[in-house]
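Asker: Sequence:
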Amino acid sequence: MLKSLFQILLLITLTGFYPPENKAVWIVMQGSSLTVNGSTNINTFQCDIANYNQPDTLTCLKNTPKGMV
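In my numbering, each number is its position in the sequence shown, counted from 1, plus 27.
Hints may contain errors.
What the hints assert, rightly or not - The calculated label-pair distances, taken between Cβ atoms and stated as ranges, are:
hint, residue 1, residue 2, range
1, S31, T86, 36 to 46 Å
2, L88, F33, 36 to 46 Å
3, L32, T62, 48 to 58 Å
4, C74, T40, 42 to 52 Å
5, S59, K30, 19 to 29 Å
6, T86, I39, 38 to 48 Å
7, K89, F33, 49 to 59 Å
8, N90, S60, 42 to 52 Å
9, F33, I54, 15 to 25 Å
No wet-lab data here; the hints were simulated from the structure.
All of these numbers come straight from a predicted model, not from anything done at the bench.
Glycine residues also receive a C-beta, built at the ideal position from the N, C-alpha and C atoms.
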């Protein structure tokens with residue numbers, strides 16, 4: 028009985044906590060405009076899309092010291 032209770036508590040503890048999600052999701056609607064400003068270790072850049080012709084989903088992942096998340 029005590030072993031089962033311990034296993035249940037352990038399961039709840041291990042599965043009940045998730046790290047925060049390191050991504051953002053944007054929905055770009057038809058007819059919208061989009062500008063992306065960025066930089067690399069070589070140069071900076073800007074990308075302009077004046078008129079999206081169909082809806083799109085953009086996902087941005089967070090870059091951490093341990094690599095891309």
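Asker: Each hint should be assessed against the structure and marked as holding or not.
Answerer: Hint check:
no.: 1; hint: S31 x T86: 36 to 46 Å; verdict: holds (41 Å)
no.: 2; hint: L88 x F33: 36 to 46 Å; verdict: holds (38 Å)
no.: 3; hint: L32 x T62: 48 to 58 Å; verdict: holds (56 Å)
no.: 4; hint: C74 x T40: 42 to 52 Å; verdict: holds (45 Å)
no.: 5; hint: S59 x K30: 19 to 29 Å; verdict: violated (58 Å)
no.: 6; hint: T86 x I39: 38 to 48 Å; verdict: violated (31 Å)
no.: 7; hint: K89 x F33: 49 to 59 Å; verdict: violated (36 Å)
no.: 8; hint: N90 x S60: 42 to 52 Å; verdict: violated (25 Å)
no.: 9; hint: F33 x I54: 15 to 25 Å; verdict: violated (45 Å)
Violated hints for the displayed structure, listed by number in ascending order: 5, 6, 7, 8 and 9.
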